[in-house]
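K.L.:
Residues in the sequence shown are numbered from -15 upward in steps of one, following this note's numbering.
Some clues are possibly wrong.
[What the hints assert, rightly or not] DMTMM-like, lysine to aspartate or glutamate: derived pairs with alpha carbons at most 20 Å apart:
hint	residue 1	residue 2
1	Lys106	Asp116
2	Lys44	Glu32
3	Lys69	Asp(-11)
4	Lys45	Glu10
5	Lys45	Asp33
6	Lys44	Asp22
7	Lys69	Asp86
8	Lys44	Asp33
9	Lys45	Glu24
10	Lys45	Asp22
11	Lys106	Asp(-11)
12	Lys44	Glu10
13	Lys44	Glu24
14	Lys69	Asp80
15	Lys13	Glu24
Read the hints as simulated data drawn from the structure, not as lab findings.
These figures come from a predicted structure and were not determined experimentally.
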Amino acid sequence: MVTLDSSISFLIYITAVSSAAAGITEAVKSVVPFLSVDYEPHDDEKQEDHHLAGRLTNYKKFTNLSVSVCSASVIFALLGLDPAKILTQSGSAAVDSPWSLDIMAWGIVAVFGSPFFHSVLKIMEGLRMNMDNNTFTPKPVQKVSSTKK
-15 MVTLDSSISF
-5 LIYITAVSSA
5 AAGITEAVKS
15 VVPFLSVDYE
25 PHDDEKQEDH
35 HLAGRLTNYK
45 KFTNLSVSVC
55 SASVIFALLG
65 LDPAKILTQS
75 GSAAVDSPWS
85 LDIMAWGIVA
95 VFGSPFFHSV
105 LKIMEGLRMN
115 MDNNTFTPKP
125 VQKVSSTKK
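Work out the full structure: start from the sequences and follow the hints.
P.N.:
Below is the structure:
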């Protein structure tokens, strides 16, 4: 069964792995010069230069995303925990075969879903705080009048 606490645990786990993968990607970018260069056309008038700059930029983006997905997949496999089992609380989250494709696929989910998961995590943590405190803080109200006193 999915609960608020299990959902928060799931989102924390996913965003932590995504952050770790982003750190690994930044480390790789600092070592491989091709990944940290911005490409601009040499001659603005030449269409071929624009195409080459665009193609090299797309290669760079694809390589960065590939490194990030691979590193997130390896992190999930090294941890050996199934995020789906964390979410559903179905027994132990440890897996027998951490290098299987279903665990590796979570790398794709972590990298491409990270901004969404981070936003949902903030919303759910705020919801949990409100439920724990059970207090509602209304917006401040100021009375205004068009007549001067």
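K.L.:
Now tell me if each hint is right for this structure.
P.N.:
Quick rundown of the hints versus the structure:
no.: 1; hint: Lys106 - Asp116; result: holds (15 Å)
no.: 2; hint: Lys44 - Glu32; result: holds (18 Å)
no.: 3; hint: Lys69 - Asp(-11); result: holds (13 Å)
no.: 4; hint: Lys45 - Glu10; result: holds (13 Å)
no.: 5; hint: Lys45 - Asp33; result: holds (18 Å)
no.: 6; hint: Lys44 - Asp22; result: holds (9 Å)
no.: 7; hint: Lys69 - Asp86; result: holds (12 Å)
no.: 8; hint: Lys44 - Asp33; result: holds (16 Å)
no.: 9; hint: Lys45 - Glu24; result: holds (15 Å)
no.: 10; hint: Lys45 - Asp22; result: holds (11 Å)
no.: 11; hint: Lys106 - Asp(-11); result: holds (13 Å)
no.: 12; hint: Lys44 - Glu10; result: holds (13 Å)
no.: 13; hint: Lys44 - Glu24; result: holds (13 Å)
no.: 14; hint: Lys69 - Asp80; result: holds (13 Å)
no.: 15; hint: Lys13 - Glu24; result: holds (18 Å)
Consistency with the previously given hints is maintained throughout, with no hint failing.
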